[in-house]
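Q: Using the sequences and the hints given, assemble the complete structure.
So you can see what is in the structure, the chains are spelled out below.
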Amino acid sequence: AQSVTQLDSQVPVFEEAPVELRCNYSSSVSVYLFWYVQYPNQGLQLLLKYLSGSTLVKGINGFEAEFNKSQTSFHLRKPSVHISDTAEYFCAVRSTNAGKSTFGDGTTLTVKP
Amino acid sequence: EAGVVQSPRYKIIEKKQPVAFWCNPISGHNTLYWYRQNLGQGPELLIRYENEEAVDDSQLPKDRFSAERLKGVDSTLKIQPAELGDSAVYLCASSLAKDWGSTGEQFFGPGTRLTVL
Numbered sequence: 003a004q005s006v007t008q009l010d011s012q013v014p015v016f017e018e019a020p021v022e023l024r025c026n027y028s029s030s031v032s033v034y035l036f037w038y039v040q041y042p043n044q045g046l047q048l049l050l051k052y053l054s055g056s057t058l059v060k061g062i063n064g065f066e067a068e069f070n071k072s073q074t075s076f077h078l079r080k081p082s083v084h085i086s087d088t089a090e091y092f093c094a095v096r097s098t099n100a101g102k103s104t105f106g107d108g109t110t111l112t113v114k115p
Numbered sequence: 026e027a028g029v030v031q032s033p034r035y036k037i038i039e040k041k042q043p044v045a046f047w048c049n050p051i052s053g054h055n056t057l058y059w060y061r062q063n064l065g066q067g068p069e070l071l072i073r074y075e076n077e078e079a080v081d082d083s084q085l086p087k088d089r090f091s092a093e094r095l096k097g098v099d100s101t102l103k104i105q106p107a108e109l110g111d112s113a114v115y116l117c118a119s120s121l122a123k124d125w126g127s128t129g130e131q132f133f134g135p136g137t138r139l140t141v142l
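Chains as they are written, first to last, in this note's numbering: chain H, 3 to 115; chain V, 26 to 142.
Check each hint, because a few of them may be wrong.
[Said to hold, decoys possible] Examples of chain H residues toward chain V, derived with CB under 8 Å: (1) Gln44; (2) Leu46; (3) Leu48; (4) Phe105.
[Claimed, not checked] Among the chain V residues that face chain H by a calculated CB cut under 10 Å, a handful are: (5) Pro68; (6) Cys117; (7) Phe132.
Everything labelled a hint here was simulated from the structure, so no lab data went into it. The C-beta atom is built at its ideal place from N, Cα and C for all residues, glycine as well.
A: Structure (structure tokens):
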């Protein structure tokens, strides 16, 4: 079994400030890790993914995430946010030997001017 | 390239009525997923298809939910009869590679927002 915990349900920040959205996971097997963004009334869009190799992965829109195996974390970061980054962000895990993805409950990022 | 298409985008029905959602995946994607997303939560898998075969339907409430993907392309998810607790967004996603042993990046449609009164 696998699970995902997104530690913050809401994160308000000011424009141009840095932001970190936290994600911890639990799994008894190796996993792939994903971050998705969901804008209002839209489906989920992949931001970035960790499959193997370098633990620091870069995604679209200036986001990056770092895989920490010992702490079972995959936190999402951006050094300077824009108003347009306001959205819901979901962390997801998938075991490397099965197809089912498990999503966290999401973090609402609100960027204020 | 067109993305995953879903219709309708919104549906309001009274409880005990039937409802159906339609999904057309990205061309060439053999894997199709139906998710339910309750308010304030992440998506939860209902059913996954590899071509026309349902390979994971363990989370599908089979007493009232059914799905089909007859020709391995588009798919329909049905609820009959609908209950108040079925109010949610129903997301369809597709991917190119088989899930097992691969990354199987999923591409999501915009969803159908169902309200049951």
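Q: Less than 10 Å between beta-carbons is the criterion; does proline 68/V satisfy it with respect to chain H?
A: holds (5 Å)
Q: Given phenylalanine 105/H as an interface hint, is its Cβ closer than 8 Å to any Cβ of chain V?
A: Given a least distance of 3 Å, the restraint on phenylalanine 105/H holds.
Q: Holds or violated: leucine 48/H as interface residue toward chain V, Cβ cutoff 8 Å?
A: holds (6 Å)
Q: Taking 10 Å as the limit, does the beta-carbon of phenylalanine 132/V come near enough to a beta-carbon in chain H?
A: Cβ of phenylalanine 132/V sits 8 Å from chain H, so the hint holds.
Q: The hint names cysteine 117/V as touching chain H; please verify it with the least Cβ-Cβ distance against 10 Å.
A: holds (8 Å)
Q: Minimum Cβ distance from glutamine 44/H to chain V below 8 Å?
A: holds (5 Å)
Q: If you take the shortest Cβ to Cβ gap from leucine 46/H to chain V, is it below 8 Å?
A: holds (4 Å)
Comparing the model with each earlier hint shows no violations; every hint is respected.
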